[in-house]
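Position chains B and C with the ligands against the provided structure of chain A, taking the given hints into account.
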Amino acid sequence: MTPDYDLAVIGGGPAGVAGALTAALAGLGVVLIDAAPRLGGQYFRRPAPGFRAGRPGALHHGLDRFTRQCEDLAGRADVLTGHRVWTVERDGGAVTVRCLAGDREERPRTVTARRLLIAAGAHDRPLPFPGWDLPGVLTPGAAQALLKGDLVVAGRRVVVAGTGPFLLPVAAGLAAAGAHVLGVHEAGGRTGLARHPFLAAGKLAEAFGYGARLARHRVPYRGRQAVVEAHGDGALTHVTIADLDRDWNPVATRTVACDTLACGYGFVAQLDLPVQLGCALRADPYGDLAVTVDAGMRTSVPGVYAAGETTGVGGAVLAEAEGRLAGRAVAADLGRRVPPDPVLSRRRDRLAAFARALGEAYPVRPGWRGWLRDDTPVCRCEEVPLAAVREALELGATDARSVKLLSRAGMGWCQGRMCGYAVSCLAGGSPAGDARAGAGGQGGGEARPGAGPAAFHRPIAQPVRLGDLAGTAAEPPRPGPPGTPAEVSHPPTEG
Amino acid sequence: MPDIVVVGAGIIGAACAHYAARAGLDVAVVDRGPVAGGTTGAGEGNVLVSDKEPGPELDLALLSNRLWRELAASPDGDGGRDGTGAAGGSGGGTGPEGGGGFEFEEKGGLVVAENARVLRELTAFADLAGKHGVEHVAVTADGLRDYEPHLAADLAGGVFYPQDAQVQPMLAAARLLRRGAERFGGGAPALRTGVTVTGFLRDGDRVTGVRTDRGDILAGAVVNAAGTWGGELAALAGARVPILPRRGFVLVTEPLDRPLVRHKVYTAAYVTAVASDSAGLETSAVVEGTPAGTVLIGASRERTGFDRTLSVPVLGRLAAQAVALFPALAERRAIRAYCGFRPYCPDHLPVIGEDPRAPGLYHACGHEGAGIGLAPATGHLIAQLLTGHRPDLDLTPFRPDRFEEGLP
Amino acid sequence: MSGADATADGGGAAVNPAHRLVRARPEPEFAIEVDGGTVPVIPGQTIGAALYGAGIRSWRTTRSGGRPRGLFCGIGVCFDCLVTVNGAPSLRACLTEARPGDRVSTRTAGSGEGDAGHAREGTRSPGGDGAGEGGVGR
Ligand SMILES: Cc1cc2nc3c(=O)[nH]c(=O)nc-3n(C[C@H](O)[C@H](O)[C@H](O)COP(=O)(O)OP(=O)(O)OC[C@H]3O[C@@H](n4cnc5c(N)ncnc54)[C@H](O)[C@@H]3O)c2cc1C
Ligand SMILES: Cc1cc2nc3c(=O)[nH]c(=O)nc-3n(C[C@H](O)[C@H](O)[C@H](O)COP(=O)(O)OP(=O)(O)OC[C@H]3O[C@@H](n4cnc5c(N)ncnc54)[C@H](O)[C@@H]3O)c2cc1C
Ligand code: FES
Numbered sequence: 001m002t003p004d005y006d007l008a009v010i011g012g013g014p015a016g017v018a019g020a021l022t023a024a025l026a027g028l029g030v031v032l033i034d035a036a037p038r039l040g041g042q043y044f045r046r047p048a049p050g051f052r053a054g055r056p057g058a059l060h061h062g063l064d065r066f067t068r069q070c071e072d073l074a075g076r077a078d079v080l081t082g083h084r085v086w087t088v089e090r091d092g093g094a095v096t097v098r099c100l101a102g103d104r105e106e107r108p109r110t111v112t113a114r115r116l117l118i119a120a121g122a123h124d125r126p127l128p129f130p131g132w133d134l135p136g137v138l139t140p141g142a143a144q145a146l147l148k149g150d151l152v153v154a155g156r157r158v159v160v161a162g163t164g165p166f167l168l169p170v171a172a173g174l175a176a177a178g179a180h181v182l183g184v185h186e187a188g189g190r191t192g193l194a195r196h197p198f199l200a201a202g203k204l205a206e207a208f209g210y211g212a213r214l215a216r217h218r219v220p221y222r223g224r225q226a227v228v229e230a231h232g233d234g235a236l237t238h239v240t241i242a243d244l245d246r247d248w249n250p251v252a253t254r255t256v257a258c259d260t261l262a263c264g265y266g267f268v269a270q271l272d273l274p275v276q277l278g279c280a281l282r283a284d285p286y287g288d289l290a291v292t293v294d295a296g297m298r299t300s301v302p303g304v305y306a307a308g309e310t311t312g313v314g315g316a317v318l319a320e321a322e323g324r325l326a327g328r329a330v331a332a333d334l335g336r337r338v339p340p341d342p343v344l345s346r347r348r349d350r351l352a353a354f355a356r357a358l359g360e361a362y363p364v365r366p367g368w369r370g371w372l373r374d375d376t377p378v379c380r381c382e383e384v385p386l387a388a389v390r391e392a393l394e395l396g397a398t399d400a401r402s403v404k405l406l407s408r409a410g411m412g413w414c415q416g417r418m419c420g421y422a423v424s425c426l427a428g429g430s431p432a433g434d435a436r437a438g439a440g441g442q443g444g445g446e447a448r449p450g451a452g453p454a455a456f457h458r459p460i461a462q463p464v465r466l467g468d469l470a471g472t473a474a475e476p477p478r479p480g481p482p483g484t485p486a487e488v489s490h491p492p493t494e495g
Numbered sequence: 001m002p003d004i005v006v007v008g009a010g011i012i013g014a015a016c017a018h019y020a021a022r023a024g025l026d027v028a029v030v031d032r033g034p035v036a037g038g039t040t041g042a043g044e045g046n047v048l049v050s051d052k053e054p055g056p057e058l059d060l061a062l063l064s065n066r067l068w069r070e071l072a073a074s075p076d077g078d079g080g081r082d083g084t085g086a087a088g089g090s091g092g093g094t095g096p097e098g099g100g101g102f103e104f105e106e107k108g109g110l111v112v113a114e115n116a117r118v119l120r121e122l123t124a125f126a127d128l129a130g131k132h133g134v135e136h137v138a139v140t141a142d143g144l145r146d147y148e149p150h151l152a153a154d155l156a157g158g159v160f161y162p163q164d165a166q167v168q169p170m171l172a173a174a175r176l177l178r179r180g181a182e183r184f185g186g187g188a189p190a191l192r193t194g195v196t197v198t199g200f201l202r203d204g205d206r207v208t209g210v211r212t213d214r215g216d217i218l219a220g221a222v223v224n225a226a227g228t229w230g231g232e233l234a235a236l237a238g239a240r241v242p243i244l245p246r247r248g249f250v251l252v253t254e255p256l257d258r259p260l261v262r263h264k265v266y267t268a269a270y271v272t273a274v275a276s277d278s279a280g281l282e283t284s285a286v287v288e289g290t291p292a293g294t295v296l297i298g299a300s301r302e303r304t305g306f307d308r309t310l311s312v313p314v315l316g317r318l319a320a321q322a323v324a325l326f327p328a329l330a331e332r333r334a335i336r337a338y339c340g341f342r343p344y345c346p347d348h349l350p351v352i353g354e355d356p357r358a359p360g361l362y363h364a365c366g367h368e369g370a371g372i373g374l375a376p377a378t379g380h381l382i383a384q385l386l387t388g389h390r391p392d393l394d395l396t397p398f399r400p401d402r403f404e405e406g407l408p
Numbered sequence: 001m002s003g004a005d006a007t008a009d010g011g012g013a014a015v016n017p018a019h020r021l022v023r024a025r026p027e028p029e030f031a032i033e034v035d036g037g038t039v040p041v042i043p044g045q046t047i048g049a050a051l052y053g054a055g056i057r058s059w060r061t062t063r064s065g066g067r068p069r070g071l072f073c074g075i076g077v078c079f080d081c082l083v084t085v086n087g088a089p090s091l092r093a094c095l096t097e098a099r100p101g102d103r104v105s106t107r108t109a110g111s112g113e114g115d116a117g118h119a120r121e122g123t124r125s126p127g128g129d130g131a132g133e134g135g136v137g138r
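Chains as they are written, first to last, in my numbering: chain A, 1 to 495; chain B, 1 to 408; chain C, 1 to 138.
Hints may be right or wrong, so weigh each one.
Chain B stretches covered by chain A per the calculated footprint, using a threshold of three residues with CB under 8 Å from any CB of chain A [unchecked claim]:
no. : stretch
1   : 253-262
2   : 328-341
Negatives, chain C to chain A, calculated, CB over 10 Å [said to hold, decoys possible]:
no. : residue
3   : Arg25
4   : Ala31
5   : Glu33
6   : Gly36
7   : Thr38
8   : Pro43
9   : Ser64
10  : Gly76
11  : Asp80
Simulated restraints, written as ranges between beta carbons of each label pair [unchecked claim]:
no. : chain 1 : residue 1 : chain 2 : residue 2 : range
12  : A       : Ala212    : C       : Glu27     : 27 to 37 Å
13  : C       : Gly65     : B       : Thr396    : 45 to 55 Å
14  : A       : Pro37     : B       : Arg258    : 48 to 58 Å
15  : B       : Ala328    : A       : Ala212    : 32 to 42 Å
16  : A       : Pro37     : C       : Gly101    : 30 to 40 Å
17  : B       : Asn115    : A       : Ala280    : 27 to 37 Å
18  : A       : Glu71     : B       : Asn115    : 56 to 66 Å
19  : C       : Gly65     : A       : Thr2      : 47 to 57 Å
20  : B       : Ala153    : A       : Ala280    : 23 to 33 Å
21  : B       : Pro346    : A       : Thr2      : 39 to 49 Å
22  : C       : Gly65     : A       : Gly428    : 18 to 28 Å
23  : C       : Gly65     : B       : His132    : 44 to 54 Å
24  : C       : Gly101    : B       : Ala153    : 45 to 55 Å
In case anyone wonders, no lab produced these hints; they're calculated from the structure.
For each residue, glycine too, the CB sits at the ideal point set by N, CA and C.
Pulled out of the complex, with its shape left as it was, chain A reads as follows:
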């Protein structure tokens, strides 16, 4: 069976669009798949057409350029927006991408391609603290998405807290859109950026640019501070802000009245799909995981490429550069004549080094664990309090997976996307450490399908209706690895 396309790209953010366009311009048959109704990903999230925004670029740097890329892409590739990928499979020379189309009357749709580029982006990384599940507490990304996509300002009196440079555009955007931003509380040192030699150029100016914008709206930017508790009876009414020591232990606290808290501690790359395929992962020094790629953005799995946040959190500009590199590599690997582009490669390397340095400048420090109380929910979905996580550890759990098995933390709707990082840390490790341990010790930890870190092991990346799943029953199951004889049947002792 010939695959439908030369290349399937998952993700319509800066990385995916650049990759798809580059490959299409090189003459490949390309399909781009994204869950959202409009291209853009997180950074270039745009208001719905119903807003008839005359100046959508007010909320983004570089939107015009991205919009042009989308227009160029439209005639050259198939663009499937509103398609959620729930699983990817690889069989010999082709990949099968299984999607659900539509945001409610879902229809299954399957796409096959010779090559796959995964550019699925990231999501916010929250840390638990007492009250973090109160309505009115959301992630910075959520505040940003509401503003950019729906022109809804998350609140009236807003506190922004967490760590990392992303807090700055969020606060600036909210302030510009009319919210009273009471403060940006950066748990890391405020001077973290400037200390690193890499950060003396480029982005620092941008940080200062935000500095000026924040100053214009009289938004204070404080280092070594964090929201350690959120209060309210059914909804947020105020927060406790603490001064922190180096390790993020609170040293003094005060309360601030607010109706909204946007709080997040960096990003987590969405690795479900690469882990399904068995792509090798790399642990950053600060404990995060990303897909390992070579200079052409090839993963360890033949025919599978990755770009953007999938290869490490690094922002929209790096994402675009990586997308272009990936598109070129795919084209070259499929026999198109693509001359090397050393300038682009060097640019990518520089930006990636900068991103790594940024990650190192904003690490999560261990003191946050002290913010939690016994009854603080660590897992929001299954409502698992800290005490239950501790009990699981006492019972013999040693990592995120075994804590999950004994406490249900991470077993609910979000499948550990929100609590996974915290649970790994509470178990005394890090997602990276769990990755090294492999999937629960079952047959070693080397990279192969399903053997990745338990915390990212989600064979079903998006909920799928059983009725739709049943529709795949007629397909013949793939044969096992060679040399495994068919088995004699036996009554199912547990079904």
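For chains B and C with the ligands alone, kept in the frame of chain A given last:
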């Protein structure tokens, strides 16, 4: 020096340690991973008597069923004290305090027949099992809905098995270990996670302990409860115990607001296929609700080595079977799937007993798809052997050297 | 509240600074029904954004603790925001674009039975100006 070292902190190792500690032995348990990190953490918690033909496995299952009830009822519960804790906010089963701290639920199993012929065979099967102590109630086609209101309409009838029950296997393993330590042992069983057994200590033929990556542990006897890896472990002692992986996938739905499935429900189709040699993949979905509101649909069986790659058609078949039983499930979503590797022997019976080729080494592994159900009986019997008592059941069918050539 | 103003005034010119920021000239809004009440929507908005914009901060309660939930991640990964739309359960409000005539029910899978998590009774963000910065603790 402990009296015994148990290798493996899965449900079988936990049960062996628990009963040995109860019998007054000092027990150490080692596992290269966490507690319940092997197949015990990758399966389901059905404790079934409904699916077994009369024979040694059914005898084991019936003994085990009784012991599970005892364990769940036992008032020593460190589970009772804080069952809400580790069971999570939404756990609980028969109430958060109940279920022995491991969500034991006496929910019963409903086996349904799709047509009159299958119903006849099912009824005959149940009557025969009844003669060996399996309680059962015949259910008419109309009666099915009293048990399961959402069941498909076109079924011919079924049999209800009140003894079928359910546990949360990971909690059960952890709690059994803990209880053995707190209540019965003299400071044991001591659980050591992250310790890999790499060989055996010998005195002549006799096994006198284990060699691990964290040093040697001398002991009076060693129990091989290494599950799917039990064959590899036995090989370190020079004994051949053929245990192979048999892969199974389980599908988990979103948590439902109202229970859709009350019992364990599955079709009788397999009864007719018992003797057939169907090749390759086999699915026969057991559908059941959990205290957390999810519906579990499991499990497939395939021999594909240790390959964890998701197989969409396999999940598709499980889903199709579940939807055929409960049409309302078609609109509900699967949010998770996982797979595990059942430890299986060519004759589909577990290996329980001392190895004559390596005296001092006791095997308790190879329970295939029924290790959760069979764990307490296995632990109890091993403890009887270790303390020189006559085991309650004849262990001949389970003896470790039965695969040697030339033996009957 | 700023979000509520955005929609409650029929997209009125220059009322919502976010609209002003991007020079939005929104199409006429429509209403959706949420647990019997109505919530205004600008075409293209998600159900979650419309609810948030109308000042409704929570619309679901958790299965066991009965805790209120609304938007958290905003991009479809946390599943806090589940709603039932026209009878279809467990949809993520932050991903699901509102359509004219939608009837949203907040008794979704994952919420307790007989819960109090209806939008009408749900948590609303404070309307007036709150107090200033509180006192210094400890
Ligand atoms: C909520 C949020 C808001 C952000 N806002 C900003 C900002 O304002 N400024 C800034 O500098 N950075 C922001 N970031 C950081 C942002 O991740 C990067 O700047 C940039 O968007 C990365 O580009 P990308 O192409 O790698 O991924 P993204 O832009 O994240 O694009 C990934 C795309 O993949 C799609 N996708 C993922 N999984 C699937 C699937 N299974 N099926 C189908 N489609 C899928 C997503 O819908 C998404 O459109 C934000 C991040 C988040 C999580
Ligand atoms: C999908 C699926 C569904 C199932 N459903 C049911 C069911 O409903 N009911 C039922 O009764 N059964 C069920 N089973 C079967 C059941 O899970 C197994 O029979 C049971 O878990 C086996 O337990 P165990 O303790 O022998 O093995 P395991 O739980 O695998 O424990 C063995 C342990 O030994 C450790 N180990 C191995 N080698 C070494 C070494 N060298 N050094 C140190 N430690 C070592 C491993 O780390 C592991 O933790 C199911 C299985 C699967 C796969
Ligand atoms: S707010 Fe997280 S999924 Fe909708």
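Results of checking the hints against the structure:
1. A count of 3 residues in the stretch 253-262 of chain B with a Cβ less than 8 Å from any Cβ of chain A is obtained; the coverage claim is therefore met, three being the minimum.
2. Counting residues of the stretch 328-341 of chain B whose beta carbon lies closer than 8 Å to any beta carbon of chain A gives 13, which meets the minimum of three for the stated coverage.
3. A beta-carbon of chain A is positioned within 10 Å of the beta-carbon of Arg25/C; the least distance is around 5 Å.
4. No Cβ of chain A approaches the Cβ of Ala31/C within 10 Å, the least distance being about 14 Å, so the stated non-interface status holds.
5. For Glu33/C, the requirement that its beta carbon stay farther than 10 Å from each beta carbon of chain A is met, with the minimum near 16 Å.
6. With a minimum CB-CB distance of about 20 Å to chain A, Gly36/C clears the 10 Å threshold, and the non-interface call stands.
7. Separation of Thr38/C from chain A is adequate, the least Cβ-Cβ distance of about 17 Å exceeding the 10 Å criterion.
8. Remark: the non-interface label on Pro43/C conflicts with the geometry, its nearest Cβ contact in chain A lying 3 Å away (cut-off 10 Å).
9. Its closest Cβ contact with chain A, about 6 Å, brings Ser64/C to no more than 10 Å, contrary to its assignment away from the interface.
10. Distance check for Gly76/C against chain A: the nearest CB is about 7 Å away, which does not clear 10 Å, and the non-interface claim fails.
11. With a minimum CB-CB distance of about 7 Å to chain A, Asp80/C fails to clear the 10 Å threshold, and the non-interface call is violated.
12. Range check, Ala212/A to Glu27/C: about 35 Å between beta-carbon atoms, so the 27 to 37 Å window is met.
13. For the pair Gly65/C and Thr396/B, the supplied restraint of 45 to 55 Å holds, since their beta-carbon distance comes to about 53 Å.
14. One distance hint, 48 to 58 Å for the beta-carbon pair Pro37/A and Arg258/B, is violated here, with the actual separation near 32 Å.
15. Between Ala328/B and Ala212/A the beta carbon distance is about 58 Å. The supplied range of 32 to 42 Å is therefore violated.
16. As the Cβ distance of Pro37/A to Gly101/C is approximately 18 Å, the hint placing it in 30 to 40 Å is violated.
17. The given range of 27 to 37 Å is broken by Asn115/B and Ala280/A, whose C-beta atoms sit roughly 51 Å from each other.
18. The hinted range of 56 to 66 Å is satisfied by Glu71/A and Asn115/B, whose Cβ atoms lie roughly 60 Å apart.
19. Distance hint for Gly65/C and Thr2/A: a CB-CB separation of about 53 Å, consistent with the stated range 47 to 57 Å.
20. At about 50 Å, the CB distance of Ala153/B to Ala280/A disagrees with the hint of 23 to 33 Å.
21. Range check, Pro346/B to Thr2/A: about 42 Å between beta-carbon atoms, so the 39 to 49 Å window is met.
22. At roughly 27 Å, the beta-carbon separation of Gly65/C and Gly428/A lies within the given 18 to 28 Å, and the hint holds.
23. At about 45 Å, the CB distance of Gly65/C to His132/B agrees with the hint of 44 to 54 Å.
24. Look at Gly101/C against Ala153/B: about 33 Å separates their beta carbons, and that is not inside 45 to 55 Å.
Violated hints for the displayed structure, listed by number in ascending order: 3, 8, 9, 10, 11, 14, 15, 16, 17, 20, 24.
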